[in-house]
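The two chains are supplied separately, each in an independent frame; assemble them into the complex guided by the hints.
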Amino acid sequence: MLRASLREVSAALKEGRVSPTELCRRCLSLIKSTKFLNAYITVAEEAALKQAEESEKRYSRGQPLGVLDGIPIAVKDNFNTAGIETTCASNMLKGYVSPYNATVVQKLMDQGAVLLGKTNLDEFAMGSGSTDGVFGPVRNPWSYSRQYKEKSVPKSDSEDEESNWVITGGSSGGSAAAVSSFTCFAALGSDTGGSTRNPAAHCGLVGLKPTYGLISRHGLIPLVNSMDVPGILTRCVDDAAVVLGSLAGHDLKDSTTIQDSFKPFELPNLTDISKLSIGIPKEYHAPGLSSEILAVWSKAADLFKSAGAKVIEVSLPHTRYSIVCYHVLCAAEVASNMARFDGLEYGHRSDMNKSTESMYAATRREGFNDVVRGRILSGNYFLLKQNYENYFIKAQKVRRLIANDFVKVFRSGVDILLTPTTLSDAVPYMEFIKEDNRTRSAQDDILTQAANMAGLPAINVPTALSERGLPVGLQFIGRSFQEKQLLTVARWFEKQVKFPMIQLEVVKRHDHDVVQHQKSASFS
Amino acid sequence: MAAAVARGCGGLWRRARQCGAGGPAPHGQRAVASSATGGAVSAGKSGLAPWVPVVGLEIHAQISSNSKLFSGSQVQFAAPPNSLVSFFDASLPGTLPVLNRRCVEAAVMTGLALNCSINKKSLFDRKHYFYADLPAGYQITQQRVPIAVNGSLSYSLCTGNKMSQMVTKTVRIKQIQLEQDSGKSLHDDTRSQTLVDLNRAGVGLMEVVMEPDMCCGEEAAAAVRELQLILQTLGSSQAVMADYEIQRQIEELENGGTILNETRAFDSKLGCTVPMRDKEGKQDYRFMPEPNLPPLIVYDAKSLPANMNHQQVVNIDWIHERLPDLPSVKREKLVEQYGILPEHSFTLLNEEGLTEFYENVVKQTQMKPKKVIGWILNDLLSYLKQHSLTVKESPVSSFLLADLLNLLEKKDISSTAAKQVLAELWKGEGKTPLEIVKEKKLELIQDQKELEQICQAVIDGQENEVMAIKAGNQKVLNKLIGLVQRETQGRSNPVLVKQLLEKKLSE
Chain R
1 MLRASLREVS AALKEGRVSP TELCRRCLSL IKSTKFLNAY ITVAEEAALK QAEESEKRYS
61 RGQPLGVLDG IPIAVKDNFN TAGIETTCAS NMLKGYVSPY NATVVQKLMD QGAVLLGKTN
121 LDEFAMGSGS TDGVFGPVRN PWSYSRQYKE KSVPKSDSED EESNWVITGG SSGGSAAAVS
181 SFTCFAALGS DTGGSTRNPA AHCGLVGLKP TYGLISRHGL IPLVNSMDVP GILTRCVDDA
241 AVVLGSLAGH DLKDSTTIQD SFKPFELPNL TDISKLSIGI PKEYHAPGLS SEILAVWSKA
301 ADLFKSAGAK VIEVSLPHTR YSIVCYHVLC AAEVASNMAR FDGLEYGHRS DMNKSTESMY
361 AATRREGFND VVRGRILSGN YFLLKQNYEN YFIKAQKVRR LIANDFVKVF RSGVDILLTP
421 TTLSDAVPYM EFIKEDNRTR SAQDDILTQA ANMAGLPAIN VPTALSERGL PVGLQFIGRS
481 FQEKQLLTVA RWFEKQVKFP MIQLEVVKRH DHDVVQHQKS ASFS
Chain F
1 MAAAVARGCG GLWRRARQCG AGGPAPHGQR AVASSATGGA VSAGKSGLAP WVPVVGLEIH
61 AQISSNSKLF SGSQVQFAAP PNSLVSFFDA SLPGTLPVLN RRCVEAAVMT GLALNCSINK
121 KSLFDRKHYF YADLPAGYQI TQQRVPIAVN GSLSYSLCTG NKMSQMVTKT VRIKQIQLEQ
181 DSGKSLHDDT RSQTLVDLNR AGVGLMEVVM EPDMCCGEEA AAAVRELQLI LQTLGSSQAV
241 MADYEIQRQI EELENGGTIL NETRAFDSKL GCTVPMRDKE GKQDYRFMPE PNLPPLIVYD
301 AKSLPANMNH QQVVNIDWIH ERLPDLPSVK REKLVEQYGI LPEHSFTLLN EEGLTEFYEN
361 VVKQTQMKPK KVIGWILNDL LSYLKQHSLT VKESPVSSFL LADLLNLLEK KDISSTAAKQ
421 VLAELWKGEG KTPLEIVKEK KLELIQDQKE LEQICQAVID GQENEVMAIK AGNQKVLNKL
481 IGLVQRETQG RSNPVLVKQL LEKKLSE
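Just so you know, the sequences run in chain order R and F. Counting along the first sequence from 1, when you hit position 327 you're at 327 in this note's numbering, and nothing is skipped either side. Counting along the second sequence from 1, when you hit position 487 you're at 487 in this note's numbering, and nothing is skipped either side.
This is chain F alone, in the form it adopts within the complex (with noise of 0.2 Å):
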């Protein structure tokens, strides 16, 4: 339903409260630094209690509809520059916006997620500024009266020395308004002209008011991965380069990005914050009731008129029924279904298609889940990343994979042979990993005659190491394991090995 972009986030600073800290802490803005973990910062000898950031985030989601928010203009990527223009999107005299019902049930879908009471009576603004990619000089939107208010939004996040711990939080979300989205301007520099496309003008728009009650960018950047998997859950996310946005923007705030103050504003442009002119500080948006869109009214069951036709109504129920699992949900039942560990299932939620993939690994195969979890997450997911594949693209499918654990499963072949197998794989031949063991001789030695043979005669080379084995120590056993693997070209059952070696050593 959605796709994602935090085109505008602010931060501010909020002096923490401390016992005993002197004086009030002072109107206005003090330049302040810090480091993106979001640890208070030293006051140093002021004597004042130590700044903390607070980070608040406004983030607009482009709704994917087939329409614009108010124009039956295709909502499309990468079209033609200029060819998505309705006369309203061009703001032609005489033309006026008529809601898209689409994209009121994607606001409302959205705020049931974020937990937000639904406002049954909402009404749209103008937020007036000349732009030459706002052709109406005017942006149609919810100040007064939004659609969504109320919420919040659990996220979860790594923190201790080695990220193990999973820490859960919540923002409280301010309000979700529906708005337009404006067309782009490019500008041209050598010929000093700018180049107005507005296939984007119009196009509908949630934009996701958060409180400032993060912290820190690595706060910011989950709150915001964790709602953009929401917002992919309830409907799609088509746009990569949305994606791609708002990868780059949690990157950014990652990278300290949200050491902002109020005078600094986010340019999605540049990619950094820059300090805000003044002529837009002070800019004064005039806002006014849009005269032209009576009230926005949804109905709940209760409310709802028994004459009305229900294809032209907004039913709140009938929406919250239909909610699917939220990502939330659906990690906490993996974790109880297949038994792995919680940040295992936010690795698979992160990722768009790793849960499917990882789900029809386990069901063709007999590997335990919890060891499957392995392979997707240390093997599978670090290839792709490596080579920046989705999981989509993946040369290996669940299939393949699937077939080659189970090979290992039944100890046809040792985990190292798989691994080798699995490297074979990636460069999608088309060969089965039956084939691949054939073919590379990767199978586990069955002839236990041959394999006693081969332990014997490691035994026989290494005196020393007998000798200390016998003595007590158990630990240079596994040196023999590893020369008897090596012999064997990985071929041989560790366990076996064990066990014939220490039958030998002991006789």
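Okay, chain R solo, but in the shape it has when bound (with noise of 0.2 Å):
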């Protein structure tokens, strides 16, 4: 039950097959079973329960609030949740209990979700990894899948399992890997470089970034405002679509969202592929792009040809340039989005009260890691007077142009653009945090944060396992507000793929474990 899809458990609850309640504390058994992915902050357990009762309630009266009443779900604790904890993985933050509800977290409430908690990220969501924030690394659950064991760790070394274990990329890892270990059905994340993207493919899920100004952002505690975008992260596809409708829609609290009204779809079973164009931008073949990945992506370019469908290479000639640019942008934004948090109205605040700058400077000093404090300096420096030109100006230009390489590329006729989202699997944490956070971050958001620059939708769609037996996903750009197109894409191309579902030991046991009990229970 707790592996089934949104979809499909959704229908489980309408038929009576599985009781809110009850599927809300095999998730909730299931969180405490896998506490060592370290994929949870927050675990609400009471007000979960409490609200799949609501739930329940609503489903005995027959009159459940749609197909999200009563599924359980998890978030990113980056995103306001009244009455929860938020912390955005920051000593900034700890403690934080915000009075309001974000718009999305809001949402899902209305139509009777239950939210089983908070999910781990980076610090701020400044990362690639999940592994700096304060309450320790994520572990990725493919790290004890029968899939990655049979071929990275050898049986009779256990210590190697310990040390061989891999991150699941980031900054919505925790997100990630609650949704990749079966303890929810969906997860939000956010995306502001490819954070939603980039775990999605290290732990095997889709991950959706709609369009800029699809979905509110009231509520997410931004990083970089004009490149932030919800993100919603499932086990397939035909899940994302229904998260997609439940979210979209203009928000009187966010004057960024579009002001047309958004109409939830259901996606169409695409057959026929011969009419549409896939590009394939060269620049996406990237330096450090492993072989493996290679082969996957140039696979899928072949499967779309043979199915009939025009392929064809593209340029996006300024890619190479959004690196550069995308630090100078987030960084200011970082610099200013930060400025609020000053130990005053909220949050963490230092003993030091010698004066008021010096407890400024001792708030920020304590709350904030080294990768927070690097981004607020870095970003006060480019948006000197004396640099605003030279860095912050050319930059927005330099955006304008990455932009406008996607604008030409689809005016061409290009209906969706096949990228891969990661350069490689997932790597051991070890091997990941010899390099630090900046060059990380960098080269992981390579792929995926051109998409950010030009507010495009992108999801990750997981492809095939590598040789080490991790996931290993590609991504599809679509035209802006185009998520039905694209989705329908992504899901044409989930189907051929058949990419295999990750074999979790401890969720075996689990459900094995549930159904004992249960047995048990009912002859006593």
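Hints listed in this document are in silico derivations from the structure and should not be mistaken for laboratory results. Heads up, some of the hints might be wrong.
[Claimed, not checked] Cβ-Cβ distance ranges computed for the label pairs, FRET-style:
| no. | chain 1 | residue 1 | chain 2 | residue 2 | range |
| --- | --- | --- | --- | --- | --- |
| 1 | R | G83 | F | P295 | 34 to 40 Å |
| 2 | R | R320 | F | P81 | 53 to 59 Å |
| 3 | R | N353 | F | N66 | 51 to 57 Å |
| 4 | R | Q482 | F | W318 | 32 to 38 Å |
| 5 | R | G95 | F | T190 | 29 to 35 Å |
| 6 | R | D260 | F | W318 | 47 to 53 Å |
| 7 | R | K397 | F | S154 | 40 to 46 Å |
| 8 | R | K408 | F | S154 | 51 to 57 Å |
| 9 | F | P295 | R | T271 | 41 to 47 Å |
| 10 | F | K385 | R | N353 | 45 to 51 Å |
| 11 | R | E313 | F | Q74 | 55 to 61 Å |
| 12 | F | R172 | R | K397 | 30 to 36 Å |
| 13 | F | Q74 | R | G16 | 55 to 61 Å |
| 14 | R | D260 | F | S303 | 18 to 24 Å |
[What the hints assert, rightly or not] Covered, in the sense of this in silico footprint (three residues per stretch, anywhere, with C-beta under 8 Å from a C-beta of chain F), are these stretches of chain R:
| no. | region |
| --- | --- |
| 15 | 17-29 |
| 16 | 222-229 |
| 17 | 254-268 |
| 18 | 379-391 |
Quick caveat: nothing in here was measured; it's all calculated off a predicted structure. Ideal placement from N, C-alpha and C gives every residue a C-beta, glycine not left out.
This is the structure:
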């Protein structure tokens, strides 16, 4: 049951094959037994059970609120949740309980979804490994899969297992691990430079970054306001479409959401793709791209070609400037967005009380990690009067060029772009931390961040397993607000590649235990 | 619509261009002093051209709207501390600004009234600095592309020896920008604490930036006063504190507070100019576009898309058509309609409610408007000023004053008596002018015989004066008239008395 898709479990709830509270209990129990993944920062057990009970009442009255009613979900810990701690995995917000729900959280609740808890991330979503938060790194469930163990870890050496676990990618690694380990059916991430798609690729999930402006950012603690988008992590494309349908639309509280009304859609069954034009941007054949991934990418292109689609190589010439451009814009907005954390209104406040200024300084030194402080420092440097033209303005111009690259390609008749999502499969944690956060982010965002620069919808679709038995995903980038087309193509592709399900011993054991427990309960 | 607060003002000095003056003006600041009249200051023996002060102003006008610029919090004066603070105002993480259309309309209206061109597309920026009453660590303002630019403001001031000549001047308006107000910090020195009240944080302001076209405190004060009048006319200024604040600043300017140079700042808290601290002087605000607000688009009739909901857009033409008469137009109309002097029209408009009061009196009395104005400006206004009262608070209503002026106009009482009645009316005891006249026996003596007898008695008692008059010195007649007035306790009609005396003297 836990391994079912969102749509499947929704059907089961409707037919009474499982009750919302039973489902919630099972998820909570699995969260406990997968605690070592460190996917959750906060588990809202009581609140979740209460929501599940409410849902159960609705089902028993025959009046569920919709597809999401009773579905256990998780939310990245940079979305505000009323009454549940919101930490951003930072000392700055440890213990901070927001008085309001982010619009996306509210929408999920309004449709009956059961919020299990808040998931782990890099501090303030700055990172690509989910390794740089104050609550410790997130472990990729695939590290404990039969697929990975068989290929990578010698069975005899148990010490190796401890040091061989791989990262989830990030920064929405907690959400990815939560969905991938079957503790919930969907999770919210955020995506500024690839933070939803990257962990989705490493955890074998569908990760959707919708068009900028389609989903409200109100209540999402910002990284880069002009690029942040709430992301959706699910186990299949259909599920992503369901969650998108429940979240999209204008929000009075976010002036950057589009006014046009959004109609939730069901994905049509694509049979004929001969009219489809798939663009393969040559610049995504980036330095550092593993041969394995390149092979998967080429195979995917061939798949489209052999099914009758037009597959053409295209050029996005400014892609190679996007890293440096992203870093300037990101740091500048970070410097600005983080200015509010001064210890006065909320969050951490240092005991230092010599003067207001010394209190600010100590608060921020104690509250932020090196990564955050480094970006604040460089961001403020870029925004200085004497640097503004040379850095910020230039970066904005480059951003426009990058966006225009996409416009041109789409105008030339290309419907969807197909690219790799990551340069390689997930690396072991011990390997990953050899490089600093900045280097890692620069490498890992390289294939995903251009979509954020241009505000375009993009999705990771799990495609194959690597030689080490780890997931490899490919990215589809669509036209602005053409989520339906993007998801339709993604779903067609998903069907063709038949990505294998993760084989997690702990989940099997767990499912078994639950059944055992129920049996014994019924006997007593 | 707006309460004007001239919170910041800057002044600078510019060396006067003089033919033949040798050498280029030195860079940097030069310590100079000047009288507040703005006259050129002698450069002494240096041989350089004299310095002339130039004054530019930045006026922060609080937009009076029910809610703040970017949040739904109420705007209210004197509410309990921190009772009008939304999540956005406290800058809770994840909150976003939502622009208040009312504030945009106010700024457009002001821009039009100040002859600005309205930018159909304007942008918002973040201005960063750390301060306890600025919770976000930045203020949202319009630094790059403000809502209105390139306007002008005409104002008049009295000049000449007797300050009797009105001169009209113009100051260019550089721009009007929308921005957030900050909160309020209260420093408790005894406990070395700072208390922060965020009620004001996020209230909408219009910053009106004037070019340094003024040359003295009087000019600056007159310009600010005219701006204040315009803002009040466009909407309403209810904030009493703000009026107080502007009054204080005008006095400051008139007292020579504009003797600033580039290194000095006007400290509104100290109410005087202080040298800028190094830190402030070097402050880099690290401006950045506000990413959470799309460009602010306003329309005119031409550009307004047909399918747009008219309730949700700001239409420049619509606002233009509904602009009320501005003070300058109102003044012209007053001069034309009532035949009063231009300076009278200034005084009428400068006091809130005084024009209405005057017009009400005019409507209710047979006295000519030209004559009424004297009573309004000399008697009513000076009494109010003496007692620090507003026109609204006047104990004598326009109705009572009109009543009194009617008695005077019908020659029931003399103007001396009328002043006595007015003095009684100020007491506000609820008596009508007629009642007071009766009570005090102030009505003119209508009985001609009685008056003739009094005149005769005066003539009989003043032999010398009579001689002088008969010798041709007509001026002395006035003394006799005065004596009759004294005898009748002001109850005689001086014109009639004069006739009677002349008649008797020529007999």
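Numbers of the earlier hints that this structure fails to satisfy, in rising order: Violated hints (numbers, rising): 3, 6, 13 and 15; every other hint is consistent with the structure.
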